[in-house]
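Asks: The lines below spell out each chain.
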Amino acid sequence: MEASQIQNLFAGNIRRLLVQTEIDYDRLYEIRLRAGRPLFLTYDKGECFLRTKGREPYVVTREDLKETLEYVSGYSLYAYEDELRQGYMSVQGGHRVGVTGKVILDGDRIRGMKYISCINVRLAHQIPGCADAVMPYIRKEKWTAHTLIISPPRCGKTTLLRDVIRQLSNGFGKIPGVTVGVVDERSELAGCYQGIPQNDLGMRTDVLDCCPKAQGMQMLIRAMSPAVVAVDELGKEEDFRAVEAVIHSGCRLIATAHGENVEAVLATPFFAGLKKMRVFDRYIVLGKEKRAGIIRGIFDGRGVPC
Amino acid sequence: MLKFAGILMIFIAGTGMGTAKSMELTKRERNLKKFLWLTSCLKGTVRCGNSCFPEAFLEISEKFDGMYQEFLQSLADRLKGQEGQTLGQIFRDCAKKEFRTAGFSAEEMELIASLGDRLGYLDREMQLRQLDIFEEELCRRLDFLACQLPEKKKLCRNLGILGGIFLGVLLW
Numbered sequence: 001m002e003a004s005q006i007q008n009l010f011a012g013n014i015r016r017l018l019v020q021t022e023i024d025y026d027r028l029y030e031i032r033l034r035a036g037r038p039l040f041l042t043y044d045k046g047e048c049f050l051r052t053k054g055r056e057p058y059v060v061t062r063e064d065l066k067e068t069l070e071y072v073s074g075y076s077l078y079a080y081e082d083e084l085r086q087g088y089m090s091v092q093g094g095h096r097v098g099v100t101g102k103v104i105l106d107g108d109r110i111r112g113m114k115y116i117s118c119i120n121v122r123l124a125h126q127i128p129g130c131a132d133a134v135m136p137y138i139r140k141e142k143w144t145a146h147t148l149i150i151s152p153p154r155c156g157k158t159t160l161l162r163d164v165i166r167q168l169s170n171g172f173g174k175i176p177g178v179t180v181g182v183v184d185e186r187s188e189l190a191g192c193y194q195g196i197p198q199n200d201l202g203m204r205t206d207v208l209d210c211c212p213k214a215q216g217m218q219m220l221i222r223a224m225s226p227a228v229v230a231v232d233e234l235g236k237e238e239d240f241r242a243v244e245a246v247i248h249s250g251c252r253l254i255a256t257a258h259g260e261n262v263e264a265v266l267a268t269p270f271f272a273g274l275k276k277m278r279v280f281d282r283y284i285v286l287g288k289e290k291r292a293g294i295i296r297g298i299f300d301g302r303g304v305p306c
Numbered sequence: 001m002l003k004f005a006g007i008l009m010i011f012i013a014g015t016g017m018g019t020a021k022s023m024e025l026t027k028r029e030r031n032l033k034k035f036l037w038l039t040s041c042l043k044g045t046v047r048c049g050n051s052c053f054p055e056a057f058l059e060i061s062e063k064f065d066g067m068y069q070e071f072l073q074s075l076a077d078r079l080k081g082q083e084g085q086t087l088g089q090i091f092r093d094c095a096k097k098e099f100r101t102a103g104f105s106a107e108e109m110e111l112i113a114s115l116g117d118r119l120g121y122l123d124r125e126m127q128l129r130q131l132d133i134f135e136e137e138l139c140r141r142l143d144f145l146a147c148q149l150p151e152k153k154k155l156c157r158n159l160g161i162l163g164g165i166f167l168g169v170l171l172w
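Sequence lines, in order, name chains A and B. Under UniProt numbering, think of the first position of the first sequence as 1, with each following residue one higher. Under UniProt numbering, think of the first position of the second sequence as 1, with each following residue one higher.
Hint data in this document are derived by calculation from the structure and do not stem from the laboratory. Among the hints, a few may not be true.
As the list claims (entries may be wrong) - Covered stretches of chain B (chain A as the covering partner; in silico rule of three or more C-beta atoms under 8 Å from a C-beta of chain A): (1) 49-55; (2) 82-91.
As the list claims (entries may be wrong) - Below, a sample of chain B positions facing chain A; criterion: calculated Cβ distance under 8 Å: (3) Leu79; (4) Gly120; (5) Leu122; (6) Asp123; (7) Arg124; (8) Gln127; (9) Leu131.
Unchecked claim - Subject to a maximum C-alpha distance of 30 Å in a straight line, what follows is the list of computed BS3-like cross-link-like pairs (lysine-lysine): (10) Lys43(B) - Lys66(A); (11) Lys43(B) - Lys114(A); (12) Lys80(B) - Lys66(A); (13) Lys33(B) - Lys96(B); (14) Lys33(B) - Lys154(B).
Glycine included, C-beta positions come from ideal geometry on N, C-alpha and C.
Go ahead and model the full structure; you've got the sequences and the hints to work with.
Replies: Have a look at this one:
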């Protein structure tokens, strides 16, 4: 991970401290700025303050937040209007910048946000090979399993999905690669910058960047004839209609969902419908016992451990 | 004979100076028109591509050459570099540096340099509206210049010729 790319997202004062401080960016998960509060660095094993030269925790000011927001948006907050309504922006490298502040409503609709008081930079990590253990369960020579990766937030779902896509696309061992279509609604998987993926998703992967999942899945099926369609964080009603379209088109689906375990996810109304149809052949559950990305279990379509 | 040659040289120099000044006015009009085109391109990129400014400036730079391309590229580079300055400051610096030889009047230069101060604030609609207002102002200046240009050019040329003749007569 390029340290300067991350440091340049922040206001001058913070950037200087980040440069001076020794930080292992490969283990860093979040950088959290709150107005009038210390700046937190969150690692996989805990959190710490960013400290000044005098070892005092650096306290974030409103100006820092404003300046950071300018840099994060490339002086163009208007270009992130739609994303800001959802509370986050995706930046070069696939990192996600979450913001909170005062929400401006237009009737029932969120129009925007002002008085931004907290910025949380979640760093995207690429761990090539992290899917090695699950690949034999997902892909055989002439078969790919419809797969759902389940975990609570910050347990490595997206990182695992990214590596699964890469391995499906490139092929692994004696298994040949297949065409993979990725709908990257939040630019997290590929981390596209000006249309070019910054993360390695494999040589046979087509990425539809910043496209709503439901529409993107249909577009990919129609236009790119992928063997596998991959999406991150299924959850909206329209996503499930698109999932049906994928299944019936003969493509295989690899997706992720928030949840503690298979039962909890399948108990939600939408996934219950998919369960009834026995859509998924594999459920992979991740946890965070010692570190993010621990595989708690791999289950077949009936929920029986493989 | 030498005296005659000197007077002829002075006459030619005077005429040349007048013509150069007149060509400068044409260049000024041409450069203002080019900046108007740049504004239209920027508007299109913001409206259709929803690109952020560094990206938009870089995209547009491919359509231009010379000082405009240099201006757009240096602007994009500096915005990407995130040096701790505002968009307005960076825009002003780049405009003043790259358009030194564009022949703009002080007022026109100020108008162009101030474009950065108007951008980057609030939503897309606001950016487009600001660019519309800027375009209108630029068009007004172009119209004004177009009205005055033939007369001014003629005046410059004639003054050059007459100045040359006057100095020639003085030296005779």
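Asks: Now tell me if each hint is right for this structure.
Replies: Now the hints, each set against the structure:
Only when three residues or more bring their CB closer than 8 Å to a CB of chain A does the claim for the region 49-55 of chain B stand; here the count is 6, and the claim holds. Counting residues of the region 82-91 of chain B whose C-beta sits closer than 8 Å to any C-beta of chain A gives 4, which meets the bar of three, so the coverage hint holds. With a cut of 8 Å, the hint placing Leu79(B) at the interface with chain A holds, because the nearest CB-to-CB distance is about 6 Å. A least Cβ separation of about 5 Å between Gly120(B) and chain A falls short of the 8 Å threshold, and the interface hint therefore holds.
Hint status for Leu122(B): holds, given a least beta-carbon distance of 7 Å to chain A, under 8 Å. Evaluation of the Asp123(B) hint against chain A yields a held restraint, the C-beta minimum of about 5 Å falling below 8 Å. Interface hint status for Arg124(B): upheld, as the beta-carbon distance to the closest one in chain A is roughly 4 Å, under 8 Å. The beta carbon of Gln127(B) comes within 5 Å of a beta carbon in chain A, closer than 8 Å, and the hint placing it at the interface holds.
Residue-level restraint check for Leu131(B) is violated (minimum Cβ-Cβ distance to chain A is 12 Å; threshold 8 Å). Of the supplied pair hints, the one linking Lys43(B) and Lys66(A) holds, its CA atoms being roughly 25 Å apart against a limit of 30 Å. Taking the CA atoms of Lys43(B) and Lys114(A), the gap is near 25 Å; set against the 30 Å cutoff, the hint holds. As the CA atoms of Lys80(B) and Lys66(A) are separated by approximately 17 Å, the hinted pair is consistent with the 30 Å bound.
A C-alpha spacing of about 18 Å is found between Lys33(B) and Lys96(B), which places the hinted pair at or below 30 Å, so the restraint holds. This hinted pair checks out: Lys33(B) and Lys154(B) have alpha carbons roughly 21 Å apart, not beyond 30 Å.
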